[in-house]
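> One line per chain: the protein sequences are G and V, in this order.
Here this note's numbering is used: the first residue of the first sequence is 1, the next is one more, and so on.
Here this note's numbering is used: the first residue of the second sequence is 1, the next is one more, and so on.
No lab work stands behind these hints: they were computed from the structure.
One should not assume that every hint holds.
Claimed, not checked - With a straight-line cut-off of 20 angstroms between C-alpha atoms, the simulated EDC-like cross-links for lysine to aspartate or glutamate are:
#1 Lys59/G with Asp45/V
#2 Lys76/V with Glu147/V
#3 Lys131/G with Glu403/V
Model, not experiment: these values are computed from the prediction.
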Amino acid sequence: MADVATPRRRPRRRTAEGGRRLHSAGSAVVVSLGGLFIAMLLNAPGLHKSATIQPQGWKRDAALAVTGPLESVSGALLLDRPRRAIKAVLGRSEDDEIDTTVVVAPAPDEPAVDDTPAVPPKREKFSPKRKLRLWIAGDSLVVVPGESLLRAAAESRAIASVGKIDGRIATGLERPDVFNWFTHIREEMRSKKPGAVVLLFGGNDDHGFMTGLPEGKEIGSFGSQSWQAEYRRRVAGIMDTIARSGAFVVWIGLPISRDAAQTQRYDTINAIVQQEAAKRPGRAAYLDTYFFFAGEDGGFAEYIADDTGRLVKMRAEDGVHFERPAGDLIAEKVLEQLEERYDLTSWRKSS
Amino acid sequence: MLFPTATFSIFFMVVLALSWLLMPRGERWRPFMILASFVFYAGWDWRFCFLLAFSVVWNQVFAIALHSRGEERTRKLLLAGALTGNLGLLAYFKYYDFFVTSTNNLFAFVGVDVPLEARSIILPVGISFFTFMGIAYVVDVYRRDFEPVGFGTFAAYLSFFPHLVAGPIVRPGELIPQFSSPRDPRYVDTSRAFFLIGTGLFMKVVVANYLAANIVDEVFGAPNQHSSLEVLVGIYAYAVQIYADFFGYTNMAIGIALLLGFTFPQNFDAPYSATSITDFWRRWHMTLSRWLRDYLYIPLGGNRGSSLFTYRNLMLTMLIGGLWHGAGWTFIAWGGIHGTALVAERWWRGRPGFVERPWTTGRRAWHRFVTFQVVCIAWIFFRSDSFADAWDVIVRLFTAWGEPSPLVTGGVLAAIAVGIGSQYVPRRLPLAIMARFSRLPVPAQAAVLSLALLVTHAMGPEGVAPFIYFQF
Numbered sequence: 001m002a003d004v005a006t007p008r009r010r011p012r013r014r015t016a017e018g019g020r021r022l023h024s025a026g027s028a029v030v031v032s033l034g035g036l037f038i039a040m041l042l043n044a045p046g047l048h049k050s051a052t053i054q055p056q057g058w059k060r061d062a063a064l065a066v067t068g069p070l071e072s073v074s075g076a077l078l079l080d081r082p083r084r085a086i087k088a089v090l091g092r093s094e095d096d097e098i099d100t101t102v103v104v105a106p107a108p109d110e111p112a113v114d115d116t117p118a119v120p121p122k123r124e125k126f127s128p129k130r131k132l133r134l135w136i137a138g139d140s141l142v143v144v145p146g147e148s149l150l151r152a153a154a155e156s157r158a159i160a161s162v163g164k165i166d167g168r169i170a171t172g173l174e175r176p177d178v179f180n181w182f183t184h185i186r187e188e189m190r191s192k193k194p195g196a197v198v199l200l201f202g203g204n205d206d207h208g209f210m211t212g213l214p215e216g217k218e219i220g221s222f223g224s225q226s227w228q229a230e231y232r233r234r235v236a237g238i239m240d241t242i243a244r245s246g247a248f249v250v251w252i253g254l255p256i257s258r259d260a261a262q263t264q265r266y267d268t269i270n271a272i273v274q275q276e277a278a279k280r281p282g283r284a285a286y287l288d289t290y291f292f293f294a295g296e297d298g299g300f301a302e303y304i305a306d307d308t309g310r311l312v313k314m315r316a317e318d319g320v321h322f323e324r325p326a327g328d329l330i331a332e333k334v335l336e337q338l339e340e341r342y343d344l345t346s347w348r349k350s351s
Numbered sequence: 001m002l003f004p005t006a007t008f009s010i011f012f013m014v015v016l017a018l019s020w021l022l023m024p025r026g027e028r029w030r031p032f033m034i035l036a037s038f039v040f041y042a043g044w045d046w047r048f049c050f051l052l053a054f055s056v057v058w059n060q061v062f063a064i065a066l067h068s069r070g071e072e073r074t075r076k077l078l079l080a081g082a083l084t085g086n087l088g089l090l091a092y093f094k095y096y097d098f099f100v101t102s103t104n105n106l107f108a109f110v111g112v113d114v115p116l117e118a119r120s121i122i123l124p125v126g127i128s129f130f131t132f133m134g135i136a137y138v139v140d141v142y143r144r145d146f147e148p149v150g151f152g153t154f155a156a157y158l159s160f161f162p163h164l165v166a167g168p169i170v171r172p173g174e175l176i177p178q179f180s181s182p183r184d185p186r187y188v189d190t191s192r193a194f195f196l197i198g199t200g201l202f203m204k205v206v207v208a209n210y211l212a213a214n215i216v217d218e219v220f221g222a223p224n225q226h227s228s229l230e231v232l233v234g235i236y237a238y239a240v241q242i243y244a245d246f247f248g249y250t251n252m253a254i255g256i257a258l259l260l261g262f263t264f265p266q267n268f269d270a271p272y273s274a275t276s277i278t279d280f281w282r283r284w285h286m287t288l289s290r291w292l293r294d295y296l297y298i299p300l301g302g303n304r305g306s307s308l309f310t311y312r313n314l315m316l317t318m319l320i321g322g323l324w325h326g327a328g329w330t331f332i333a334w335g336g337i338h339g340t341a342l343v344a345e346r347w348w349r350g351r352p353g354f355v356e357r358p359w360t361t362g363r364r365a366w367h368r369f370v371t372f373q374v375v376c377i378a379w380i381f382f383r384s385d386s387f388a389d390a391w392d393v394i395v396r397l398f399t400a401w402g403e404p405s406p407l408v409t410g411g412v413l414a415a416i417a418v419g420i421g422s423q424y425v426p427r428r429l430p431l432a433i434m435a436r437f438s439r440l441p442v443p444a445q446a447a448v449l450s451l452a453l454l455v456t457h458a459m460g461p462e463g464v465a466p467f468i469y470f471q472f
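With the hints as constraints, model all of the structure from the sequences given.
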């Protein structure tokens, strides 16, 4: 009998701790790719929203070109249902919705608010027994001054926050698709009924890409007349929404930033807000922050010397956001604005 | 480029496939991985790629010089030069403004004007991590524990993107030998890799972000607006948040490296189950603890002297460890609290006649509880921007009991419970899950992975919050 060669055996599977099998690199690539692809289908509504709210540019275009069809396929195969179910259980069904409706009050060339009194209203009194209800909202820039304001408010004892600081990263008035402040402010004014509102917007609005435009309307680049007119309409609309609820708004202006070109763009936004606030005495006030944070040469300064000569870090490393001492300074000025409009201290004398 | 983003996913899929294709040919794999890592790093700020390149060249030049010299005096001088370069980078980019403001404010206190100006220097992401790895390389070569490797291998080691921006701090002896020979493409620990990536994503995207947004930022932002209960839960929540954030990042880093065929050391071992601060530091950021022990504590003299000498070394190590985390006095205070606790434990155990009692369930639970409270007190300083802010938190902790606590919700308590509970999961459970996963056919593995990504993505907030340790 002829010798029969021993049949070649596959190498034994190698295992690691706990008896788990080791797999080939090809398997790692296939599982990763397959897992990611199925996950993209399952998460398609969220991915499409993430693509939509990106800054304008080729990355957004490319992302939309991929996630748009992906969302259609996911919807057709009902693969978006599990995600919607999880969102519903968490009470966050609206997370994946893209709402670009900009509902604002009449255009600024019309009377802003019919019932706006010609003279500022009387200073209303507040005390620890009857506190002024305060709501703080805006983009990420509002968070640090908002925290300072809440601390100062707690010390004043005549002001109560109606809730958390509503500071939303990467949002603004240009892009309701990222976050619709117009709808949100209306709802919050209705549900929380604040007496005073502190806003800071514009940190992400210094470019020309605006969504939520009226049907058929087109606007020019950032700072153009048409851009300014639309931005003005939005700012005025928010001020009027707040005024109609009987509240007073303090709108914090954008600070000087490390980037000189950005500072110039911020100036454009600040000018619009300042002009609109000036049209609404007793209903809105604008707080100019530019010179709080300019250095001795008038330019950007991350550190500023205080009255005692101590160097204080005012601005974050990104050259835009605030540090705590800057927040405290803004809070102090906002409180002064609120004091002008409301009587927040006379209770101390009577108590 | 953050790990839990679509951009990174695309980047990684390309790198994963190409890395395995090029793996058999090291001369091609190394330049490819260096390029991939620099592309990854350029995602933050391309200008800092020059800094990373400088660190590679500086450490390699000194390592080769150290290896080729015999006389001890020259070698010491060379080591001092290498360390000066590394620490100089850190000093300039991380501590310059801190030094200037501290000096200025100290002199302003006594009425003297110091002509030093802060420079608003941008901190390059990951500088503390790759600088420490560079120091480890030259010191190991100086000690003759390690021989310098080729430029390409060292560059691949220092810039390897899975550990580049927030660790773990991988020692030369742990990773460079893996770069010296091709990884075997037949045996990749994929189930562990996917498990680590999945759990890491969940801890970061769901647990850490949820706690940050729903209680931690609120409480530490304006403590006097919140009740004592909210402040207490907020402190515990921060303890869980920072653990979930850093543990999550590390898990992802280790899992990503595993898929590429490389093994990183463990960085966490259930730190909140520690029974003492000494035990805590064996379990928390383990790669940093080992680095501090081997490259700082032992060179300072370690415990090779009197008790007081050992206490001094412990304290110095922890103070410097605190400063490593951030250029601020609150970080130094954080290190000081841990250093004091370590000294106190060492003194307690070193008393004449001290006998370690056997552990009982109750005694172990009590020690764990007390240790966790000390760790949490230290976290207050770590999280606060200033001593005044930390003091506000501490005062509020005792002065507002009985006030409404709307931030203490079921969701917040559940997230804290997940974070703390994860410390007590029996070791056999994840092993069993990984073993079960590894036996699934490939399509089923992909399906399980996609379900994990679905849950994490759906439960997480919109957008991606940066990792806490990126700022260090």
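> Hints the structure violates: just list their numbers, smallest first.
none
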